[in-house]
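Q: Single-letter residue listing:
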Amino acid sequence: MKKFVNNIDNILTESLSGFGKAHTDIIKINHAPDFIARANKSSKPKVSLISGGGSGHEPLHGGFVGYGMLDAACPGQVFSAPTPDQMEAAANEVHNEKGILFIVKNYSGDIMNFEMGADMIEHDHATIIVNDDVAVEDSTFTTGRRGVAGTMIVEKTVGSLAETGANLEECKNFGDHVNKMTGSMGVAFTSCTVPAAGKPTFDIAPNEMEFGVGIHGEPGRRREKIKSANELSKEIIETILDDIKPNKGEKVLMHVNGFGGTPLMELYLLFECGQKLLNEKNINVSRSIVGNYTTSLDMAGGSFTITKLDENIVEHWDSAVYTAALRWKM
Amino acid sequence: MKKFVNNIDNILTESLSGFGKAHTDIIKINHAPDFIARANKSSKPKVSLISGGGSGHEPLHGGFVGYGMLDAACPGQVFSAPTPDQMEAAANEVHNEKGILFIVKNYSGDIMNFEMGADMIEHDHATIIVNDDVAVEDSTFTTGRRGVAGTMIVEKTVGSLAETGANLEECKNFGDHVNKMTGSMGVAFTSCTVPAAGKPTFDIAPNEMEFGVGIHGEPGRRREKIKSANELSKEIIETILDDIKPNKGEKVLMHVNGFGGTPLMELYLLFECGQKLLNEKNINVSRSIVGNYTTSLDMAGGSFTITKLDENIVEHWDSAVYTAALRWKM
Amino acid sequence: MMKGKNIFDSIEKIQNNIIDNKEEIERLDQQIGDGDHIFNILRGLEEISKLRESLIGEPIDKVFKQLGMKIMTTVGGSSGALFATLLIGMAKNYNSQSTDQENIAKMFYEGVEAMKKRGKSGSGEKTMLDVLIPVSEILCECKNEKNSKIVADKVKKVAEKSMLSTKDMLATKGRASFLGERSKGHIDPGARSSQLAIDAVCNQFIN
Amino acid sequence: MMKGKNIFDSIEKIQNNIIDNKEEIERLDQQIGDGDHIFNILRGLEEISKLRESLIGEPIDKVFKQLGMKIMTTVGGSSGALFATLLIGMAKNYNSQSTDQENIAKMFYEGVEAMKKRGKSGSGEKTMLDVLIPVSEILCECKNEKNSKIVADKVKKVAEKSMLSTKDMLATKGRASFLGERSKGHIDPGARSSQLAIDAVCNQFIN
Ligand SMILES: Nc1ncnc2c1ncn2[C@@H]1O[C@H](COP(=O)(O)OP(=O)(O)O)[C@@H](O)[C@H]1O
Ligand SMILES: Nc1ncnc2c1ncn2[C@@H]1O[C@H](COP(=O)(O)OP(=O)(O)O)[C@@H](O)[C@H]1O
Ligand SMILES: [Mg+2]
Ligand SMILES: [Mg+2]
Ligand SMILES: [Mg+2]
Ligand SMILES: [Mg+2]
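Protein sequences appear in the order of chains X, Y, V and W.
Heads up: the first sequence runs through residues 1 to 330, numbered per this note's numbering.
Heads up: the second sequence runs through residues 1001 to 1330, numbered per this note's numbering.
Heads up: the third sequence runs through residues 2001 to 2207, numbered per this note's numbering.
Heads up: the fourth sequence runs through residues 3001 to 3207, numbered per this note's numbering.
Some clues are possibly wrong.
[Stated by the list, open to error] Covered stretches of chain X, as calculated for chain Y (at least 3 residues, CB under 8 Å):
#1 45-58
#2 177-185
#3 225-239
#4 289-302
Just so you know, these hints were derived from the structure itself, not from any lab.
Being a predicted model, the structure only gives us computed values, none of them experimental.
Ideal Cβ placement from N, Cα and C applies to all residues, glycine included.
All chains should be built: construct the whole structure from the sequences, respecting the hints.
A: Given below as C-alpha cells:
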C-alpha cells in the first residue's frame, strides 16, 4: 500500500488539520471529538444540519459544510460510523435556535451512533435517513437500502431550504421527499484499500466487475464479466428508473459520481451514455453534476444518481452554495 | 485494464460529448476538429485565451474554459499534443478583436503543434510557455522544464486579467510573470494506464516511488524508496523554494494537486505537511487549493505548486470564475 | 466477589484472543462487510485497557459504565454502538446485594436486551446477537450453578456453536444484509469477535 | 518515374514493418517518454493509407502535401508535427524536371531541414533526427548512383547504425530530455520508428 502518510494512526487527524487550513474561509475543525463546522455561524436563526459517517468518502461530508449546505459534519474512522460524542459536540456548537437536523446514510452503524448522539442533546432534533441505493432490494425484513451518492443531493437541497429560515419539520419533510425522488446504483472495477488494512478489501479478476457495489467496497448485487459502458449504463439506469418511475417528459437531475480511482474522462463518457439513454426514454436531463463527490478511497468505478425534479428541488439545487467541494453563485 | 468504455477509439469523442452535455451553461463542443469553447462569447472585445494539450489530464484544460479563464481548449489524443488545425479552428471561433493568447505547456509536441497552428491564423497572437516543473533541471542545452500543475494558476490569473480588457501584450507579460513566480514538483506511487496501451506505462516496486515524476507518468528525477509524507514534502518544498526563492514573510499560494488515483484525504494530509513546513520557514500561505486539477489518468501520487503572490496575482486569483472545474463568486 | 481486577484481567485475555485471530476477523468483515471490524474492536480494547490504573479500584457498576463510555466515544461503527450499549446496560443492572453468578446473568441479560433495542434486531439475523442471545440464555439457566468451571464450559460451547451457526444464515441486519443470498457461507465477523471474547473469559475459569 | 502508386505501396510496407515491431516501439516510448508514440504512428499510417484511392493518380508534390496535411491533422504529439513537416517540406521541393534520384535526395534533405527548424534540434540529441539526418546525407552522396539497389542498401545500413547510436546518447530534446542521465541505455522511439520506415522502403528496392 502506497499512500501519503506519516503514521497510519494519525492520517485522519492530519488530514482534517490540512482540510481546516486549506479552507479557513469556510470551515473550522474541532479535534477530540472531531467535527467540522462552518467558520462563521449564520447570523439568522436556522435549522442546523449535521451529517457525518465513516471517513474515506471525501469530499462527503466535510466538503459540504458551508453556506447553503451543512452546518457541521462528523467524520468517523475510515468506513466506521462516527461516535455519539462527536454528534453531541457538533450539535452543541452549531445549534442556532431552530433545532438540529441530522442527515444519516442508512447503515446500522451510522443509524445507531447518530441515535445515541441525538439522545445526548437537548435541542429539538429530527433525522433524515438517506437510502437511495436501488442496488439493494428493500423489504420489511431487512435493514433496507444503503445511502450513497444521493446523499449529496439531499444535503444540498435541504441545506438551501434551511437557509430560508424554514423550520425543522419543513426541512425534515423536504429531505425525506428529495430522498424519495432519488435513486442510485454503481459498479466497481477494483477494490479500495483501507489504510489500516494495507491491502485491498476484496479480490476481483481482471475481467470482472462488482455490480451494485456499495461505497465501502462491500459486495453488490452480483459479480459479473465487464460490460461496455453503454450496456452497464443501461442496466443501472433501468434499475433506477424502475424504482423512481419518472413520467415521460419529466425533468431530472443526473449525477455521475466517481468512486475515486476513475479518471474524469471516463465519468463524462458515462454521463454521455446515461444522457443518451434518458433521452431515448424521453426523460429530460435538466440538471447535471459529474465528479468525485461520494468516494470509496481509491476504488475504481462510479455510479449514477437520478433525482426527479419538481420546482422546489430545482430551486434549492440551483441556489447559492459555498463549501469546499461545491460552490456556485457566491 | 478496466475502464468505462465502449470502443477504445471513441473514448475521447464520447467523453467530450458528455462533457458538453453536462455543462451546456458553460461550454460547447466542436467535433472534427475537436475543441471546447465558451457557450457564449463575451460581448466586450477581449484577448482570447486558448490552451490545450494531450488528453488524460482532466479537468485541465477543458474544465477551465469559461468566464474568467480560457476561451477555448484543444484536447489531443491521450498524452499527445493536439493538432494545428484544432488550434486554428478554435482561434477562428473565439477571437474577439483583441488577439489570441496561446497558453502552452513546455513539451516539444505541444510547442511544435501550437506553433504550426499559430502560423495558420491571421489574428494577432502571442504564446505563454508554462514551465513550472522544478524537478527537471533547466539549462540552455535542453528543452528545459516541463509545464505541469502551475498551468492552472497561469490560466486562472491571466484569464481574469483578460476579462478586464487588457491587451495582448499585457496578458502575455502577466502570464510570463505568473509562470516565473511558480514552481511545482510531484511524486508518483503507481503508473497510469494509457487506454490504448491497456497496461501501465511503467513498472514500479511496491516500496518505490518516482520522485519528480511528470504528468504523463514519464520518469522523474529518480526512483527511490517510499518516504513519509513529511519527508517527501520537505524535499519537494525545498526544491521549489530553492527555485522561486520567496522572501521571509512573503505571501504564497499553495496548490496540492492530485494525479487522479490518490484520495482527497491524502491530498489534505499533504497540504498539512506543506503548510507546516512553510510556516516554519516563515512563509505565509495566504491562498490554497487542493484537489485533482492536473491529472495523469489514474496515476496515484500528487504534487505541490507554490506561487509567490503580489497584489496583481492575488487580485486575479480571487476574482470571479465560472468554469466546469473552478467556480467561485458567480 | 467480582473485582475491578477481574474485569481488567479478562479484558487482557480478550485482547490476546482477538489479536491471535486478527487475520480471520479482518477477512470475515472484508467478505461480507467493509473490512473495518477488526480495527474497531482492537481500537476499543486498546482504549479500555488504558483505564486499568484509574478504574481498578472503583465499584463494579462504575467500571462497566466507564468502559461503555470509552467504547462509545472511541470505537464507532456498528460494533462501537452495540458493545457500548451492552456495557452501559450491564452497568445499570449491577446489584451489589446479589451473588456474582446472579449479577452476571442479570447484567448480561439486560445488556443484550438493550443491544436488541439499539440494533432493532434479534436472533437469526446473522449478527453478534446470534452469539450473545444464546449466551445470555444459558447464563440465566445456570444462575444457581455454583461450579463456575461447569458454567464456563457450557457458555463456551454455546458461544462456539452459535457463532458457527451464523455461517449459513441469511443476513437481514447490518452491512451483510445488503448482500442478500451472497451473505450465506460466511461467519458473521461480529459473531466471531463476540465468541472469541466470551471464549477468552470462559477459559479463565476452565484452566 | 516515381508514381503515386509507389508512394502508397511504400506506405503499406512501412505500416507492416511498424506493426511487426509494435511492442518494441511501444516499450521504448514507455521507457523514456510517455508511451503514445506507437499509437501516434499507427494512427497516422492508417489515416494516410485511406487516401490511396483519391490520391494515387495525382502529381507527386500534391501527394506528399496531402499526406503531410493528413499527418498534421490526425497525429498530434511531437511525431505528428515533425513527420508532417517532413512531408510538406518534401512536397515543396519536388521538381518534375529532375530524376527520381535527384528528387528524393533534394526533397528529403529539405524536409529534414524543415524538421530541424520545427524541432529546434539537430544531430546528437537522441531523436528521430539522429536517423533522418545521416539518411539525408547519404541520399545526397548517392544522388548520381543509378543502381537503386546499392543506394537502398547503403541507406538501410546508415539508418540502422544511427538508430542504434541513439541508445547511448543523452537526450536533450523531446520528452526523454527530462530524464537527464537516465535517458541513456534506451533507443529513442522516434529513431526506431523512423528507421523501421526507411528500412521498409529500402527493402522494396533490395528484394
Ligand atoms: N443492527 C444490528 N444488530 C446487531 N448487530 C449488528 C447490527 N448491525 C451490525 N451488527 C454487527 O456488527 C458487526 C459489524 O461491526 P463493524 O464492522 O465494527 O461495524 P460496521 O458494520 O458499521 O462496519 C456485524 O458483523 C454484526 O455482527
Ligand atoms: N524537438 C524535437 N526534435 C526532434 N525530434 C523530436 C523532438 N521532440 C521529440 N522528438 C521525437 O519525437 C519522438 C516522440 O514522439 P511521440 O511520442 O509521438 O510524441 P511526444 O513526445 O509528444 O509524446 C521522440 O522519440 C523523438 O524522436
Ligand atoms: Mg464500517
Ligand atoms: Mg505524447
Ligand atoms: Mg465493518
Ligand atoms: Mg510520446
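Q: Output the numbers, in ascending order, of every earlier hint that fails for this structure.
A: 2
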